[in-house]
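Student: Sequence:
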Amino acid sequence: MNDNKLITRMYWYVKRFLDIILSLVLIVVTFPLMIITVILLVIDLGLPIFNQRRYREGLYKKSFLMFKFRTKLMNSDNLPGKERYTKLSGLIDNLKLNELPQLFNILFWQMSFIGPRPFIPGEKLPEGKISEKRYYVRPGLTNLAYVSSKDELTHKQKLSYDVEYYDHFGFKQDLLIFLKTPLCIIRRIKKI
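Its first residue numbered -16, the sequence shown is counted upward by one per residue in our numbering.
It should be emphasised that the hints constitute simulated quantities derived from the structure, not laboratory data. The structure displayed is predicted, hence computed values, not measured ones. Any given hint could be a false lead.
[Said to hold, decoys possible] Computed list of lysine-lysine pairs in PhoX-like fashion (alpha-carbon distance at most 20 angstroms, straight line):
no.	residue 1	residue 2
1	K79	K116
2	K155	K(-2)
3	K139	K112
4	K44	K(-12)
5	K70	K173
6	K44	K155
7	K(-12)	K79
8	K45	K(-12)
9	K141	K44
10	K(-2)	K173
11	K(-2)	K(-12)
12	K44	K107
13	K45	K79
14	K155	K173
15	K70	K(-12)
16	K44	K173
17	K112	K65
18	K173	K65
19	K163	K173
20	K45	K65
21	K45	K155
[Stated by the list, open to error] Restraint-style ranges between C-beta atoms, simulated for each label pair:
no.	residue 1	residue 2	range
22	R37	Q156	42 to 50 angstroms
23	D134	K70	20 to 28 angstroms
24	L(-11)	K173	17 to 25 angstroms
25	P104	V146	33 to 41 angstroms
26	E115	I19	21 to 29 angstroms
27	L162	M(-7)	15 to 23 angstroms
Virtual Cβ for every residue (Gly too), placed ideally from N, Cα, C.
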C-alpha cells in the first residue's frame, strides 16, 4: 500500500473521531439555539415542527431518516420558491438553522460534517449516469458544491462536485470546506 492510500485510510478514522467530538460539542453549544428555533417555528408555522418523515440515501445507498426542522408552509409543494416560506421561516432556512438537528445524524454515524448532500430515495434525478463514488463517503451537512459556487447549481453540476470531492478526499479539502461554509452562509444572507 502506497503512502497516499495509507494516509487516506487513516483519515477515514480521524474524520469519524472529529465528527463525534465536534457534533457532541455543537449539540451542547447550539441546543439553546435549537430550542429558540423550534419556538419561533411553532409560533410562525405551527405543528408539526419536523419535515414529513423524509428518508435519505446514505453511505452505500443505505436509507436513514434525516432530521430537519420544517421551514416550509404546509402543502406548499406546488408553490414557487420563496412563496413556500414566511419571512421568518425563510430567514431560518437561509441561516441553515433548520439543519441543526442533523448534528444528531452525524453523531449517530449516518452523516458526516462534510460529504455529498443525500438524495431522497426514489427522487427524480438528472438524466445520465450518477457516479457511485458519491455513495462511498457519508453524506454531509455541507459539501464542496455548496462552497464552490456563488450561483445556484444544476443537479449535474452538484454531482460533478461530489465526484471531485471523492477523488480528492482528505483533511485539507475537508478543512477548506469547513472554513468556507460560514462565509457562504453569510453571503447568502446578504442576498435576502
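Student: Hint by hint, where does the structure go against what was stated? Just the numbers, ascending.
Tutor: Failing hints, ascending: 1, 4, 6, 7, 8, 10, 13, 14, 15, 16, 17, 20, 21, 22, 24, 25 and 26.
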